[in-house]
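Colleague: Sequence:
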Amino acid sequence: MELLYIIVTCTQPTLNQRLREYTSFKFNYLLRLSVIISAMEYSAPTFLLILFFIIPLFIKLLKHNDSTKKSKKPRLPPGPKPWPIVGNIPEMLANKPTFRWIQNIMNDLETEIACIRLGNIHVILVTSPSIAREFFVKQDAIFASRPLNWSSKYVSSGYLTTTITPFGEQWKKMKRVMVEELISPKRHQWLHDKRAEEADNLVRHVYNQTKNGGGLVDLRNVTKQYGGNLMRRLLFNKRYFGNGREDGGAGAVELEYVESLFIAIRHIYAFSVSDYLPWLWWLDFEGHKKILKEATNTIRKYHDPIIEERIHQWRNGTRAHQEDWLDVLISLKDANNNPFLTLQEIKSQIMEIAVGAIDNPYNNVEWVLSEMINQPEMLQKATQELDSVVGKERLVEESDIPKLNYVKACLKEGFRLHPIADFNVPHVSMEDTIVANYFIPKGSHILVRRQGIGHNPRVWEEPLKFKPERHLKNDACRVTLAEPNLELFTFGIGRRSCPAITLGSTMTIMLFARLVHGFTWIAPPNESTIDLSEYERDTTKAKPLVALGKPRLSVKVYHQIMN
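In this text, residue positions in the sequence shown follow this note's numbering: the first is 43, and each later residue adds one.
Read the hints as simulated data drawn from the structure, not as lab findings.
Positions of the beta carbon are idealized from the N, C-alpha and C atoms, including for glycine.
Check the hints yourself; a few may be wrong.
Estimated spans, in silico, between C-beta atoms of each pair [what the hints assert, rightly or not]:
(1) Glu511 / Asn146: 25 to 33 angstroms
(2) Leu385 / Lys280: 36 to 44 angstroms
(3) Pro116 / Asn378: 30 to 38 angstroms
(4) Tyr196 / His230: 25 to 33 angstroms
(5) Asn146 / Ile333: 34 to 42 angstroms
Here are the simulated DSSO-like pairs of lysine-lysine, each with C-alpha atoms no more than 30 angstroms apart in a straight line [as the list claims (entries may be wrong)]:
(6) Lys509 / Lys445
(7) Lys332 / Lys583
(8) Lys423 / Lys515
(9) Lys280 / Lys236
(10) Lys389 / Lys343
Put together the whole structure using the sequences plus the hints.
Modeller: Take a look at the structure:
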């Protein structure tokens, strides 16, 4: 408008001077425009006609200058061109499952960092350990938040928990509770006997199925229920909500409960349309809301009565000693000796623990046993290590874990090759920043593709082969399931890493070690090998692992735990 005013109001003698003055603080190419106009002799109508051509040209030049300036800024990571408003959601809906569509995008672009836009959210995808370290080590403070969406808000009762709550005072409060009160080294030792009892029950359950010369065992069910049993013991000091089975297996109530936990896990961050276009939440695309509500209500059906009754017991004085995590949460006091946590905070945190702790051990052990049954020399090597460390006159204990390097290498290889989910829990950028020379806008969701890193040929030799020895080459005396260099992304790193790494590692190692040390395993009689196909919709094993197991220790070892 300023330029138009100059051109229309100035007389011919002064026009050139005014344009030169305007040019001195605007754009150099306006000088050229002033020279052209001043050199022309024209009548008023001709002048106006020229304006109709010159001004659009000038606007175009302005835009070009603007875009030239913008092009000098770091660009977004490569990715498919988004549609207005909805971004790449149409392509996402047309290419299920989403994680395989994303995998294909990154393969086609031959990139280790990519960007897709879902609604107005930039979703940044990473398959490089070095780039992941830039996000979560070098700039950890910027990427320490979580997404705001319907699914995570619903499960956490309005972000009252630790893992899925965005960065802020509530997250700091609940993380402090987790780290200092629930999973500290002292508390881990305090709960040792409960973990040991569930490890014994695991062996008892499998022994009852195999003691008469061997038997087929559904190891997916066994490993899932081990996690469910252990979590119930740590949370509520009980193995079963119902009566369980005489052979040590779970009853119908426990099966329903554990299945609901896994349904919740699959739908909290499931690329739901309403999570990216919240104004469409009421349409419930793909039924995600209904499914998640039903699963959450089932979990609460079992949790809430126990929690409410326990709080009542503490308040009326009929309970005074801590036996489990629930007691610890209820007993916490603030500076005025009032309850530190509200009822809803306790309920929500208990649910998050139950949901978050059950998936990794089962998936990892099922995959590793499947791979090793197909390569019996590896299974034999793990068994020999266990016999060397433990012997055959007792069961493996947690105190043996530091010496079981090959066993841990096998499990670590399972995490690399077969992660439970293709993505970590999303991180959110709290400000604009630059990573790997790309612009990362504030509010971006950062997703590390676990399988992308684990299968990255620039990181791993023969990445699609199961080779536990690769984890024994360096510093073999201290094999751990965590990976501080992010060449695996099992537990994460930094402010938002999994706070229960010790517990998760212990659960996984004890589950695998007890099964391998206590029993021999081969493929079922009608199968030459175990099918290693992935399920189409996620990275779990397509067919449950069913194997023929036989006890391999002295009978008296098993009889010691038969009570």
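Colleague: All hints are to be evaluated individually against the structure, with a verdict given for each.
Modeller: Hints, verified against the model:
no., hint, result
1, Glu511 / Asn146: 25 to 33 angstroms, "holds (31 angstroms)"
2, Leu385 / Lys280: 36 to 44 angstroms, "violated (20 angstroms)"
3, Pro116 / Asn378: 30 to 38 angstroms, "violated (51 angstroms)"
4, Tyr196 / His230: 25 to 33 angstroms, "holds (31 angstroms)"
5, Asn146 / Ile333: 34 to 42 angstroms, "violated (26 angstroms)"
6, Lys509 / Lys445, "holds (20 angstroms)"
7, Lys332 / Lys583, "holds (26 angstroms)"
8, Lys423 / Lys515, "holds (16 angstroms)"
9, Lys280 / Lys236, "holds (10 angstroms)"
10, Lys389 / Lys343, "holds (11 angstroms)"
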